[in-house]
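*Asks:* The sequence shown runs -23 to -1, 1 to 408 under mature numbering (1 follows the signal peptide of the UniProt record, and there is no 0).
Calculated directly from the structure, the hints in this document are not laboratory data. If a hint is listed, it holds; no wrong ones were tucked in.
Below 20 Å or equal to it, Euclidean Cα-Cα: the simulated PhoX-like pairs (lysine-lysine) are:
| # | residue 1 | residue 2 |
| --- | --- | --- |
| 1 | Lys154 | Lys174 |
| 2 | Lys110 | Lys122 |
| 3 | Lys213 | Lys174 |
| 4 | Lys39 | Lys254 |
| 5 | Lys213 | Lys110 |
| 6 | Lys205 | Lys174 |
| 7 | Lys154 | Lys122 |
| 8 | Lys394 | Lys70 |
| 9 | Lys139 | Lys39 |
| 10 | Lys174 | Lys122 |
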Amino acid sequence: MKTIGLKSAIALAIASYSSLSLANGIAINEQSASGMGTSFAGRSSSALDASTVFGNPAGMSKLERTEVTGGVAVIDASTDYSDAQSSATGTNKGDMVPTSAIPFGYVVTPLNEDWHFGLGIYVPYAVISDYEKSFQGRYHGLYSKVEVITVQPTLSYKINDKVSIGFGPTFNRIEGKLTNNLSLAALGGGDAKLNIKGDDVAVGYNIGVLADVTDQLAVGVTYHSKVKYELEGHTKVTGVSSASPVVNSLISPLNGSYDASLDLTTPESLDASFTYKLDDRWTLYGGATWTRWSRLEAIVVENSGTPTIPGLGNVTGTVDEELQWHDTWSYAIGAAYQLNPQWVLRTGFALDPSPTDNEYRNVRIPVGNRKTVSIGAGWSPTPDMTVDVAYAYLWESESSINREGNTLQPAYNANVKNSAHGIAAQLSYRF
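Required output: the full structure, derived from the provided sequences and hints.
*Replies:* What follows is the structure in structure tokens.
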């Protein structure tokens, strides 16, 4: 029973680590300040600048000159816990997400009248959570940091005056670190600690189509492929001890660093949107994104290198962690107003549901159904340069965490509510 508890704790930690980059609540949208101003409505149907490399690679055909776009988004999130229940003692301060900066950069250049080349570097997934050491749910998650960095070389082709297509492979690097505690009270000890690190590089692709249906209406579709990772890393266990000499001699060999690996496929998504130019001043945007989260029914973890304990066997092996994610549709609407030749004002609203529910939600990614409102502006002091800024506020419906317990992980239940402020700025230069 004790061995099963530790085995489950290790498996849960590794499975939670990999799922950090999968929940819709922590997928990064901030690859563009100009797009953020409209809550990313119209992302696949508008080629506002070189960030179209990500939004829709076909949009590069709309850029007449070489263009460089670069910027950064800053996110300040807040998490509030209430009604926490656990046999473990501790605090529930929340606010576990440090203020974080997300950079991005793109370049697009025409090759001839029909072909364009582009290159993008951006962050499609990222999360960091850092709870206080006394956090009551520390046995299910204490520190988490995962980041995916993507490099995307891209080509677009202008089929005719109305239709363009674009394609680009994505080279993705994922790396992360995770820690949580283990309660050894039942074994006559204090808290032990799990520390997990892993990384991998994998290839995917983005493809898009952009069509001018009329002089006023443009529609676009962008497909972001699945990406299959084969993560390699290690699980380090420290602090496993007991006041009982007999128990201590039995469990202390579990301290050490063990090899860990898992196969993980991030799901594909389809982004469809429209851009409608109402008149010389007003432009309307709308869009919907489907994400196939149902690929993530479970995560299979392979552990190796752990010791064989006399009378208990080996705590390593194949472990299945059930996730039961479900597909989601997110929606966004927005508008832009051309105040004068130099200034454009933007606003938007988005609905973004969580792919998990109260039964499977954990403390590392305690996200609920999300709403976002945004405002933004673009300033073009010259025809060669544009500065875009945006502000967004998001809030989520209250949701519940219901984590079952075992020998080494006391059960933890709580209500959680999240909100965040985001600002972004970018500079685009054409030459």
